[in-house]
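Order-wise, the sequence lines are chains A and B. The opening residue of the first sequence carries number 1 in my numbering; numbering runs sequentially from there. The opening residue of the second sequence carries number 418 in my numbering; numbering runs sequentially from there.
Because the hints were derived from the structure by calculation, they are not lab data. Quick caveat: nothing in here was measured; it's all calculated off a predicted structure. One thing to keep in mind: the hints can contain errors.
BS3-like cross-link-like pairs, simulated, lysine-lysine; straight-line CA separation at most 30 Å [as the list claims (entries may be wrong)]: (1) B:LYS499 - B:LYS826; (2) B:LYS454 - A:LYS406; (3) B:LYS826 - A:LYS396.
Number of protein chains: 2
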Amino acid sequence: MDLIEDGAILIKNGRIAFVGKTAAAPRAEADVKIDAKGKAALPGLINGHTHVPMTLFRGIAEDKPLQAWLTETIWPLELKLKPDDVYAGALLGCLEMIRSGTTCFADMYFHEEMVADAVRESGLRGVLAEGIFDIGNESLGKEMLSRSVNFAESFRGHAEGRISVMLGPHAAYTCSRDLLKEVHEKATGLNVGVHFHLAESRGMFSDLEKEYGISEVEFLNKIGFLTGHVLAAHCIDLSEDEMQIISERDVNVVHAPVANMKIGLGVARIRALMDLGVNVGLGTDGPASNNTLDMFETIKVAALLQKLDHHNPAVMTTYDALKMATLSGAKALRLERDVGTLEVGKRADLILIDLSKPHLKPMHNVYANIVYSAHGSDVDTVIVDGNILMENHQLKTLDEQEVMEKAEKAAHDLTSR
Amino acid sequence: MDLIEDGAILIKNGRIAFVGKTAAAPRAEADVKIDAKGKAALPGLINGHTHVPMTLFRGIAEDKPLQAWLTETIWPLELKLKPDDVYAGALLGCLEMIRSGTTCFADMYFHEEMVADAVRESGLRGVLAEGIFDIGNESLGKEMLSRSVNFAESFRGHAEGRISVMLGPHAAYTCSRDLLKEVHEKATGLNVGVHFHLAESRGMFSDLEKEYGISEVEFLNKIGFLTGHVLAAHCIDLSEDEMQIISERDVNVVHAPVANMKIGLGVARIRALMDLGVNVGLGTDGPASNNTLDMFETIKVAALLQKLDHHNPAVMTTYDALKMATLSGAKALRLERDVGTLEVGKRADLILIDLSKPHLKPMHNVYANIVYSAHGSDVDTVIVDGNILMENHQLKTLDEQEVMEKAEKAAHDLTSR
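Chain A with its partners taken away, still in its complex shape (with noise of 0.2 Å):
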């Protein structure tokens, strides 16, 4: 991630062409200029871990424990809720990512065909899983997994490639041990990866600890869970133990630090995971829990809540914090030859961030003004594939009024269902 001052870049059929000096830039006749002065060009952020449609409850329950947050409140609304309700949520959050730089996204819901809808619509990359659980049921647990199959099958390489698919088990405290075998299984089989909830609370797997007197990595580690594309959100508290399975695995990391504080459930250790070896990606989690989409807050914390951890602002630099949203995030994703970094070959996945804003000056030091000082809301371009969805903060594929009534509508029928 160098610095390139007066840099110019050159999209041609969706891929970067050139990126460098601009008085190195082949002469081209480009059909769109956009003039760049005074911004500064990133790769588009990945958001590793979310459920977009779950803008739908934001700010609904606020302040309470994640079991009572979800048994008492999200489940049950969650049990109401219609495919078009997770469209239009989707569509919300697809609307919040671009005004926010986020140009791709791993999200795992229910209906996920709605959210494919919802990508193909704004433009953005998407990374989709249809969610499997069991908790107990048998049949439910079987209908899950063969609905999240069909979804893999249907949608791999939708909205001209920009959507690709994983299978999308809930967690070990959600699944039974002869689930996860069979998402294994069928993953393996359709050459796709799993997106599930690692060690995000201790208190929720308690039982099967006793259970089965193992951890929860080490349980899925004996079950043969944790080879192939396995990207894992959250990993709070892991022992040393757990770490080098996690490592020896090649377990894809997705941290969610604000969600992670927000519901109180403690520190996942990054450094020592990246120390390891560990691939580690940054996620926002579910609008509900966070509660916004917005990465440049995600990586600011995630940067924080380590220097706080170890008592040394040194442990995560500018520079890992905003690589775990870039490249590593591209990596968890297996999106990596495509994405998160600014390359020739890659696709032209993009962001401008207005650098003329009071809390950006002065600018001693551009990869801080980034990290610490930029919000969501001074990304003013936002280009995916070569296409721009977001000019000037104008946006090009999304009606911002249609579609925040649609959500605001869908919300309220939902609560009043």
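Please arrange chain B on chain A, whose structure you already have, making use of the hints.
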């Protein structure tokens, strides 16, 4: 802080003359009308601890421990600071505060008369203190004390009463016992408060702790320093005994969670202090250690940090967090009769937040959306003393481009000196 839907506010001679339902508002021929449909009006935010001219150092020394950050970068640069630099930095800080909804701030720095100039020009409200330390140099201490006293005498009530004053002894580890006693005596004589750093870093007081055999709080209490109006920033990792003293002495604590995390210092026990009846406000700290003056970020992080520290999301509610940045902040600055709530008779210091943003939809709970989802950039109108400082994002008192250019130049000149 009750919610009034479809409300109206009437301002007369700089004070709130009516606040309530629009239907109940007196018929008044207003000179100026602001349509706040789709917006939330709330008391202007109060930044209880900062050093605004340090905008000049934003991003200049990242990822360093406090001691190195101070001794290697900040202090050497501060030695080179000229009054004009301080003025340029303070104006940039005022601009940033207006843009992000802060109407009042407590500041401690050098050449504080330049901060007073920035307050006068910008239209903000400020509680200002000239910094004092002696670090083993008695005559330096005397000189700084005399400057601080002189500043307080000269600027009390300036800028149509928007400026109030305090004395600014830096900390117990940078001021000798005799100096602290003199400061306290002078403050009592002038009937002003003291604004200082307390228990920010155990490491930096540990030598004194060995010498005196007691903690920083116990030491200050023993020499009689904690009587009168005391504004103590940070207060990290206090023991039960120390918290008891803070409570008994009615010390006002200002919590600066973002800077505390960023420098890796620790977690202030805010919930425990509140439970002891201690008044706790919020501050950003200087923009060199935060790196913004955005109080919305500080409000959110303050709530998150307590939830994390207690492993309990209920421990700090949305309401608690918002109150710290408004009414409790006002109390900490002894300005609660004039600001901190929207009440008839108080000065008209208020802000409007534009709720028509994707990240603020849907609106299940306006408090939650303000505390957990809003950013400073969502503030579109700022009023102080009944004067409009910003309306629909348009600045009324400052020339934004000029302020940014002047600060950029001052920062550049300073580092090249």
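**Message:** Under the constraints set out in the numbered hints, which ones does this structure not fulfil?
**Reply:** The structure conflicts with hint 3 only, although it agrees with all the remaining ones.
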